[in-house]
Amino acid sequence: MAFVTANWNPLGEAFYRKIELYEMGWNLKDGLRECLVAAAPYGGPIALLKEPQRRSPSVRPQLEIYSSSGVAMASFPWKSGVVKQLGWTVCDDLLCIQEDGTVLIYDLFGNFKRHFSMGNEVGQSQVVEAKVFHSPYGTGVAIVTGASRFTLATNIDDLKLRRLPEVPGLQGAPTCWAVLTQDRQSKVLVATGADLFILDYTSPPGLSPQATSIVHMCVSFSYKYLALFTDSGHLWMGTANLKEKLSEVETKVRNPPKQMAWCRRPKSQQPSVVIMWDGHILVAGECKNTISYHLEGVSILVPELDGVRIINGTHHELLQEVPASCEEIFKIASMAPGALLLEAHKEYEAASFGKCFLSNFPPEPFVSMCRDLRVLNAVRDYTVGIPLTHTQFKQMTVQVLIDRLVYRKLYPLAIEICRYLKTPEYQGVSRVLKHWACCKVQQKEEADEVIARAISLKLGEAAGISYSEIATKAYECGRTELAIKLLEFEPRSGEQVPLLLKMKRSQLALSKAIESGDTDLVYTVVTYLKNEMNRGDFFMTLRNQPVALSLYRQFCKHQEQDTLKDLFNQDDDHQELGNFYVKASYKEKAQIGHLQSAVDEYNKAKNEFAAKATEEEMRLLRFQKKLEEEKGESLVGFSLHDTIRTLLAVGLHKHAEQLYKDFRVPDKRYWWLKLTALAEKEDWEEIEKFAKSKKSPIGYLPFVEICVKHHNKYEAKKYVSRVTPEQKVKAHLAVGDLEGAADAAIERRNDGEISTVLSRCSPSTDRALVERLNRAKATAAKK
Amino acid sequence: MAAHLSYGRVNLNILREAARKELREFLDKCAGSKAIVWDEYLTGPFGLIAQYSLLKEHEVEKMFTLKGGRVPPADVKNIIFFVRPRLELMDIIAENLQPPREFHILFVPRRSLLCEQRLKEQGVLNSFTNIDEYILDLIPYDGDLLSMESESAFRECYLENDQTSLYHTAKGLMTLQALYGTIPQIFGKGECARHVANMMLRMKREFAGSQNQILPVFDTLLLLDRNVDLLTPLATQLTYEGLIDEIYGITNGYVKLPPEKFAQKKPGEGGKDLPTEPKKLQLNSAEELYAEIRDKNFNAVGAALSKKAKIISAAFEERHNAKTVGEIKQFVSQLPHMQAARNSLANHTSIAELIKDITTSEVFFDNLTVEQEFMTGVDTDKVNTYIEDCISRKDPLIKILRLVCMQSVCNNGLKQKVLDHYKREILQTYGYEHILTLNNLEKVGLLKPQTTTRNNYPTIRKTLKLWMEDANEQNPNDISYVYSGYAPLSVRLTQLLARPGWRSIEEVLKMLPGPHFEERQQLPTGLHKKRQQGENRTTLVFFLGGVTYAEIAALRFLSQMEDGGTEYVIATTKLINGTSWIKSLMDRPEPF
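In the order they appear, the protein sequences are chains A and B.
Heads up: the first sequence begins at 1 in our numbering, then just goes up one per residue.
Heads up: the second sequence begins at 784 in our numbering, then just goes up one per residue.
Note that these hints are calculated values from the structure, not bench results.
Fair warning: this is a prediction, and the values are worked out from it, not measured in the lab.
Please note that the accuracy of each hint is not assured.
[What the hints assert, rightly or not] Computed Cβ-Cβ distance ranges for the label pairs, DEER-style:
| id | chain 1 | residue 1 | chain 2 | residue 2 | range |
| --- | --- | --- | --- | --- | --- |
| 1 | B | E1156 | A | K654 | 38 to 44 Å |
| 2 | B | R853 | A | P41 | 48 to 54 Å |
| 3 | A | S359 | B | K987 | 39 to 45 Å |
| 4 | A | D766 | B | D1346 | 54 to 60 Å |
| 5 | A | D766 | B | G830 | 58 to 64 Å |
| 6 | A | T480 | B | K987 | 27 to 33 Å |
For each residue, glycine too, the CB sits at the ideal point set by N, CA and C.
Given only the sequences and the hints, what does the whole structure look like? Please build it.
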C-alpha cells in the first residue's frame, strides 16, 4: 500500500501512472517484431499476423488470436492474400484487410464468417494503408490506395462505399491521415505537408511555424480531439473540428513516431498524448515537461476511453492519468475523507466501518460499486483476460460485457454475472442460455435427440427464451429435424411460423399460426400455401382448418369473387351459393339468370322459404320489365310494395290489384298501401269508394288520420262515425272535435280517455264541457 | 387537456399519455416537415388521443384524406400514410406515391405481413423509409371507459368467423396490464371471451420474464360476449345519453344536432340567419353538468336541469352581495367557470327539449309499449299487429328488424310460420335483396326458428330479475331504471358475479350461449394487494362485440352504490346502439 504512489509521475497538475495488467501468457519468439497487431478496445482480444509480407506457399504467415492476457484462442496459417491491416469490430469479429481491397471477417475463434470488397477500383493501385474505426453506427473501414484515393465504409454490416474526392495538389502518398466522426458523418482527415484536408482546405490554428510537414496524427477515442506531430518535433493538440488549439509541446525528437494515441479520460485535467518511438514513449500534456518511459522490445499502443494500453512481446500495461479518486486517497499527505478512511482501515481492518456513521448516505452506491468491482475482478482474471477499468465498464454496460463473454463462449461466467448483478432474466440468463444453445446445435457429433434433450433440460426453467432463434440456427446448420424438435418448445407460436414455412412444413405452420390467434399470420401462411399447392390440395387443407377457411373467404369476398364461388362449391354450401348468386344479381346485367341459379341452390340447400321468395322476386322482375315496356313506367328496382304504390299513384289500379292477388299480399297491408297512395294523390273520391268497397281490415281510424295528415278535416269527419268505440275518442280528437271526444269518453266511462280529453282543453274551452268531464272523471274513478 | 380521464378510480390518462408518447416518437423518426394522409376511418379514434396541435408541434403541416390518385401537392419532405392494415388501402397507397419525397406508413393498430406482401407485389415496398405500427387497441374514451372503436367487430366475430378483432382485444389487454399490472382474476362467458382469455394466457407465457413489477390496479377482468345478451341492445335506451345516441348517434365522443335550437338569439336580427350546419358537441365527463345527468333516466333529467338552473342563477345573483373590492374580485374570478356552466346548461336544455319532442310522441310511446310487452313475455309467440302495421306504413326497416329480433330473442326463437310471415312481409315491402340481411340475422342468432325446446327466456327473466315492475326513475335503487323496468342482462350478470358469485346462477348460465369460466393469473411475489378495510374492488368489464350507453350507465350506477363494494371500468370493441348494431349486420345498408 505504501508504494501506491511510487510509480506516479507528475505532468503539470495531474499525475500519470503505468501499471502492469498482465504478464503475457503467450510465448512469442521475436516479440511483436514484424507483426501486424490489432488489439480491440475495452480490453478486447488481440490478433497477430506474423510476417504478413511472406508469400511463399511453403511457409505461410500464421494468424493468431489471443485474449488480452495472452491466452491463445485461435491460430491458423494465413492462406489468402497479403494483409495490410487487422482490426476488430464492435462484436469482437476480426477484420483482415488485404491489399487487393478484400476484407475477410473471422470470429473470435478463427472461423471464417464472410468477406466483402472495398471496391473494384482498388485492384490495380492496391491498398497502401487501412484503418478500422468505430462510431455510433457500427464498425467502419477506411482505405487509401496507391493512387492516393480514399474509400470509406461507415458500417460494414450495412455496406455503403463512399469514394472520397481527390486531395488537391497531392503528390504521392499523404504524410498521414485519420478517420473522425463529426456531425453524424465519418470523414477522413488527411495531412500533406503542413496542410490538413477534410473536404475544405484548412490548417490548424497556431501550428508552430518551424513545421513543414505533419508526419503523424491521431484522433481521440471520442473523436473530439486531434493531435498532430510535425517534422519539427512539435506535438499540436486541439479539437477535431480544428477550431481550437489546446496546447503545443516541443518534444525535441524529430524522427516520425511509430504510433501516437490520446491518453485522456473523461473529465480529464488536461489533454495528453502518448507518442511511441522505437525503445521509448513520451507522455505530453499542456506543460512544457513530458514523461518518458523506456520500452522493452517492439510494442503497440491501444487507445482506450481512459488511457492507453501498451503491449509488447511479454507484457501488457496500462498507462493512464491517475483517476481523481485514487489521487485523493493515495496522494501523499492527503486529508480527503477517503484517505482518512484508508488510514482508519489500516488500524481497524474494517473497510465499511465509517459508513455506519453516515446517517444520510444512501447505501446503494456503495453496494453497487462493490458489485461492480467484483465483476471487474472476475473478468480481469488471467483466464478470462478482459482488463476493463471501471470507467470503461460503465461506458460499455453490463449488456455488452455479457455479449463479449458469450462471444468467448464463457457461458458459466456470464450466467454467474447476470445472477450476481440481478439482471432481469429476459436480458440476462435467458439470453446467455440462448447463445449457449445456438452453439450447442452446431455440435455435429451429437445426435438430434441428445441435443434437444440437453437444451430443453437447461433452458426449461428460464423465462423468455426464443427457441425459434435456436431452431433457425439448427436449420442453418442443416439440421431440420432438430429444428422442428426445438420449435416444439417455443411458447410464441407466432415465432414458429416463418421458420416452419422456410423448412416447408406448411401444414404445421398453418396450425401454429391459427394457435397464435394472429390472423395476419394465418393470412400469410394461407397466401403461401395458395402459391405452393395445387388448387385441390389447397382447398382440402383449408377445409380441415375452419379458422383459416373463414379468413380466406373474407379475403376472397374482397379480392377474388370467383374463388369464393369455387370454395362454396367445393364445400357443397348451397345456402351460401344461393346468397352469392343473389348478390351477383344486383351487380350484373343477367339478373334473371343469376336469380334462377340462386333458386336452384336454395332448393338444394332445402331452404324452401328462400327459394320461394327468390322465385317471387323473379316474377316481380318480369312483371316490372313487361310493364316498363308497355307503359313506360320505371319500376325495376322497386320492392313489391313500392311497385304497387307507384301503380296506384299513376292510376293503374287493375295492375295493382293483379299484383295484390298474385303475390297474396295480406289484406291489411294492401289496404294501408292503397289508402296511403290515394291520400298522397288526394283522390278523396276514390278513398270514399274504397272505404265503402267492403269492411276495412284496418278499421277506419287510419282513414281519419290520413285525411287529417293531408289537411282535409272535412273528408276526415266522414269516417269518424265508422271508427270502433275504442278508437272513437282518438278519432274525434284527430279532427279537432273536442265535444265529440268528450261525449265518447264519458259514454265509455274510461278514466284515461277522459284525462286525455281534459288535457286537450284550454282556457278558451266551454266551461260546461270541462265540468262535465270532471264530474265523469270523478264517477269513473269511484268505480 | 384530458383531465377527465384521470378522475376515475383508474387513471386512464396514463394510457392516453403512453399512446401520445408513441405517436410523438414516430413523428420524430421522420425528420423534417410532413404531411399525413389519413385512412378516413382513423381520424375519429385518433381525435381521442391527439389533437391537431400535437401533430403541428411535430412539423405536420398538411393533412389529406386517402383516396385514389396522387397525393395533392404539398411542399413537405415526408408523406406519412396512417392506415388500417387493409389490402384495398394498399392498392390506393400504391397509386399515391410520387417521388421525390420520403414516404412512410404507420399501420394502426398493427402492421401486417399480408399488406406488406401486397405492397411488394405492387413494386412499391422499397419506396418507404419507415414502415411502422402504432398499437392503438384500447382508446381511452372517458374516465371509466375504453373503446377499440372497431365498427365491425361484432359482424366479424359472430357472422364471418373472423377473429382478428379478438386478437387485437387480447393484445390491448396485454398493453393495459403492462401499464396497470397483471389482473389476477379473469372471468368470462361466451365463445369469444374464452378465445380472448386463452390468447391472453398464452401471451403471458410468451412474455414470461419480461413482465413488469406493477401493483395491480384491477382486481378482476370480466369478459362478456355480446351474444350472451342479444336482447339489451335491441331495447330503446332511456337514459339521457342513451337517448341522444339512439336519436342522433354519438360517434367518437361527438354528437351532431339539428342547429335550429342552438341559434344565438340576438335582438333585432329576426329569424333570418338560421345556422344550417349541424351543431357539433363533444360529450364526456369533462363537462360537469353532463357528467351529472348523462346516466339519469330521461324522465329525471328535467328536474335535474331546473335545479341546476336555480343554482346558476343564484350564483349570478351573488354579485349584488359583493360589496368590497375583495368580494368583487372573487366573484369575477369565478365568472369564467359560471359562464361555462351557463352555456352547458343552455346546451343541455336545448338537447332535452329536442329529445322530449320525440319521447312524448305517439310513435315513440307505441314502440316502447311493444318492446316492454316483449320483454315481459306478453304474446311473444304470435304475429304482432303493431309490427305488421309498421311494415304496412313502411316505417324504417331497422326499426322493424329491431322489433322482430327482439320478439325472437324474448321467445327463444319464433314459430316457423310466424318467422316466415315476418320475413315475407319484409321482403315484399322493403325489397327482396334484404334476404341477405335476414340470413345474416339468422346466422348470428338474432332471428331464429323455434326448435322443440321450450322457451327458456321467462326462466332467465325471473331468475335474473330482468323485469322490475316498480322501477324508480327519479331515485333509482336498481339498474332496471336505465330501461324503465328492464334490467340489462349483461349488467345483471356482472352484478351477480360480484355478489354472491356465479355459482348461484349455474342453471341460467347454462341456458345462455357459450362456456363460462374462471382463470387466475399468478402475481409475482410482493405484488399481492393488501386491501384496506372498506376499500372497493375494481373490475374491468369487457364487452366483446359492443356495449350500449344504457349498460354503461347501469354499471356506473353499481359503482356508485354505497354498499356495492365494486367499482367498474368498462371496455368494449365499439359503443353501439340497436340501430348501429343492426346496420352493421345488413348486407345492403340503407339510410335509416
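How the hints compare with the structure:
In this structure the supplied range 38 to 44 Å holds for E1156 of chain B paired with K654 of chain A, their Cβ-Cβ distance being about 40 Å. The given range of 48 to 54 Å is respected by R853 of chain B and P41 of chain A, whose C-beta atoms sit roughly 51 Å from each other. Between S359 of chain A and K987 of chain B the Cβ separation comes to about 43 Å, which falls inside the hinted range of 39 to 45 Å. The hinted range of 54 to 60 Å is satisfied by D766 of chain A and D1346 of chain B, whose Cβ atoms lie roughly 57 Å apart.
A hinted range of 58 to 64 Å holds for the C-beta pair D766 of chain A and G830 of chain B, which are about 59 Å apart. For T480 of chain A and K987 of chain B, the hinted distance range of 27 to 33 Å is satisfied, since their beta carbons lie about 31 Å from each other.
When the structure is compared with the earlier hints, no violation turns up for any of them.
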